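Asks: Sequence:
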Amino acid sequence: MKADKHQALISLYESKHNEKEKVKSHYHDTYQLLYTLKGTGICTLHHQEYAMEQDNFIIIPPATEHSIAASSKMTVLVLEFETDIFDSNVQVELIPEVFRSARVQKLSTFDSSEIRQLLRKMLYEQSYGDKLWETGLKIYMAELFFIIARSSQEPSQTDINTLRVEQLKHYIDTRYFDIKNAEDIADRMGISKRYIQSIFKEYYNTTPMQYLTEVRLGLVKQMLVETDKDIVSICFEVGFESLSTFYRLFKNNVGVPPNMYRITQRER
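Every letter in the sequence shown is one number past the one before it in the numbering used here, and letter 186, counting from 1, is 296.
Simulated from the structure, these hints should not be mistaken for laboratory data.
Straight-line C-alpha distance at most 27 Å; calculated DSSO-like pairs for lysine-lysine:
1. 216 to 231
2. 248 to 126
3. 216 to 290
4. 248 to 148
5. 361 to 311
6. 303 to 290
7. 148 to 216
8. 361 to 279
9. 331 to 279
10. 183 to 130
11. 126 to 183
12. 303 to 148
13. 303 to 279
14. 216 to 248
15. 339 to 290
16. 248 to 231
17. 279 to 311
18. 361 to 290
19. 216 to 132
20. 331 to 361
21. 231 to 148
22. 216 to 279
23. 290 to 279
24. 183 to 134
25. 134 to 148
26. 231 to 290
27. 134 to 216
Beta-carbon label-pair distances, calculated as ranges:
28. 195 to 148: 26 to 34 Å
29. 283 to 355: 18 to 26 Å
30. 315 to 188: 44 to 52 Å
31. 355 to 226: 27 to 35 Å
32. 192 to 131: 22 to 30 Å
33. 197 to 352: 31 to 39 Å
34. 150 to 276: 24 to 32 Å
35. 131 to 301: 30 to 38 Å
Every value quoted in this text rests on a predicted model; they were computed, and no experiment measured them.
We put the CB at the ideal spot given by N, CA and C, even for glycine.
From just these sequences and the hints, can you work out the full model?
Replies: Set out below in structure tokens:
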């Protein structure tokens, strides 16, 4: 059975399912992303069954036969759209990567946290936004596609602590500029700061914030030698909010101020 084509080119809406409720097999001409807010169930994509759990993304390219069977009360956000609403780079690079296959994709704790925030922003723009709401929606959607396209496959380790510390290390390596403090990391992971520090130190013999400082200062040293950027610009780029804090940390860890480090390294 073919579903009716959604009238809007871009729409985000809630879909509720009662326990044991089934949605018959159907397909759409549009692209769909289903995000499981709560509950569990089974999604069938091209006759292949996948478990639906909280924070899973169901990626449904056009013309994909799919059905849903709820195992419990389930709430799903449905993002439905057509590609011609986007700029060419999104159409050519991001959408084909995200929709390369019909699947249920599990994201890391950090990616899930970012995507939840994007979905909240999109819901707000759709409900209460001003005349720029459609532009805002497209921007947030492009960012969402980017996160999904960049997300790595779920690691095979069964040790939950190993998984957590590796996700955290990867997050610091790639988002060093966007981390405020240890509480920020703990909030994103949904576990206590003390627990995060304990397991991270057990695996890497340092705390997450100490590792963050190490990553930032490593990048600073590289940019001091390889670029002519102002020190204040480098400080800002790697995520230091305070110039005085940056100078203190740099001198304590490297032994000389950043301007002296630049001069001595370039003289070699």
